[in-house]
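Produce the entire structure from the sequences given, and follow the hints as far as they go.
Numbering (our numbering), first residue to last: 1 to 151.
Keep in mind that a hint or two might mislead.
[As the list claims (entries may be wrong)] Label-pair ranges, simulated between beta-carbon atoms:
hint	residue 1	residue 2	range
1	Leu107	Tyr86	22 to 30 Å
2	Gln60	Met103	25 to 33 Å
3	Ser21	Leu107	19 to 27 Å
4	Ser21	Asp53	42 to 50 Å
5	Asn142	Asp93	45 to 53 Å
6	Tyr52	Tyr86	18 to 26 Å
7	Phe122	Ser21	31 to 39 Å
8	Thr14	Leu114	32 to 40 Å
9	Tyr86	Ala41	39 to 47 Å
10	Leu147	Cys108	42 to 50 Å
11	Leu88	Ser132	54 to 62 Å
By construction, these hints were calculated from the structure, which means they are not laboratory data. The structure presented is a predicted model; accordingly, all values stated were derived computationally and were not measured. Backbone N, C-alpha and C define an ideal beta-carbon position, used for all residues, glycine too.
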Amino acid sequence: MKTTDTALLGHSGTVFLTASSLSDFWTSMSGVLIADTVLGAMMGQAYGAKNYDMVGTWLQISLTLFSWVLVPVIVLWCLTTPVLQYGLGTQEDVAYYAGYYAMVSALCLPAKLLNGKLSTFFTSQKITGPSSKTTPIALVLNLVFGLQFVL
Numbered sequence: 001m002k003t004t005d006t007a008l009l010g011h012s013g014t015v016f017l018t019a020s021s022l023s024d025f026w027t028s029m030s031g032v033l034i035a036d037t038v039l040g041a042m043m044g045q046a047y048g049a050k051n052y053d054m055v056g057t058w059l060q061i062s063l064t065l066f067s068w069v070l071v072p073v074i075v076l077w078c079l080t081t082p083v084l085q086y087g088l089g090t091q092e093d094v095a096y097y098a099g100y101y102a103m104v105s106a107l108c109l110p111a112k113l114l115n116g117k118l119s120t121f122f123t124s125q126k127i128t129g130p131s132s133k134t135t136p137i138a139l140v141l142n143l144v145f146g147l148q149f150v151l
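Structure below.
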């Protein structure tokens, strides 16, 4: 999806593409705090041991923990404009567009977090149907809405 967004922004102008890149730079540094790479291993081990209740328990623990971590990440993403403008000396208009892009992305973080956790939950139990069906749909919708709203 990131490739589609970048390609569409490139057709809108270099200022928007620059703002998107700077926004991605800032949000990637704080976005790593909500990247969960251990959950799949913990759920996979619980499923392999036939401890099915523990698979759900790990999902609940992960959702609870990362919901609390998500709050400061959203705040950091909403501070993109001042950080880029005053901290890194970016031009005012580019910093504004980057901040706007980051705030819109921050609104998607709860859904992104839930989608990632549920995808890991199903995949650890060898249930690949939901994500294999919804991912192509999401990619097509991203392209359609991007063409509608960006261009």
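Taking the hints in turn, this is what the structure says about them:
{"no.": "1", "hint": "Leu107 - Tyr86: 22 to 30 Å", "in the structure": "24 Å, holds"}
{"no.": "2", "hint": "Gln60 - Met103: 25 to 33 Å", "in the structure": "29 Å, holds"}
{"no.": "3", "hint": "Ser21 - Leu107: 19 to 27 Å", "in the structure": "20 Å, holds"}
{"no.": "4", "hint": "Ser21 - Asp53: 42 to 50 Å", "in the structure": "45 Å, holds"}
{"no.": "5", "hint": "Asn142 - Asp93: 45 to 53 Å", "in the structure": "26 Å, violated"}
{"no.": "6", "hint": "Tyr52 - Tyr86: 18 to 26 Å", "in the structure": "51 Å, violated"}
{"no.": "7", "hint": "Phe122 - Ser21: 31 to 39 Å", "in the structure": "33 Å, holds"}
{"no.": "8", "hint": "Thr14 - Leu114: 32 to 40 Å", "in the structure": "35 Å, holds"}
{"no.": "9", "hint": "Tyr86 - Ala41: 39 to 47 Å", "in the structure": "41 Å, holds"}
{"no.": "10", "hint": "Leu147 - Cys108: 42 to 50 Å", "in the structure": "18 Å, violated"}
{"no.": "11", "hint": "Leu88 - Ser132: 54 to 62 Å", "in the structure": "40 Å, violated"}
Hint violations for this structure: numbers 5, 6, 10, 11, all remaining hints satisfied.
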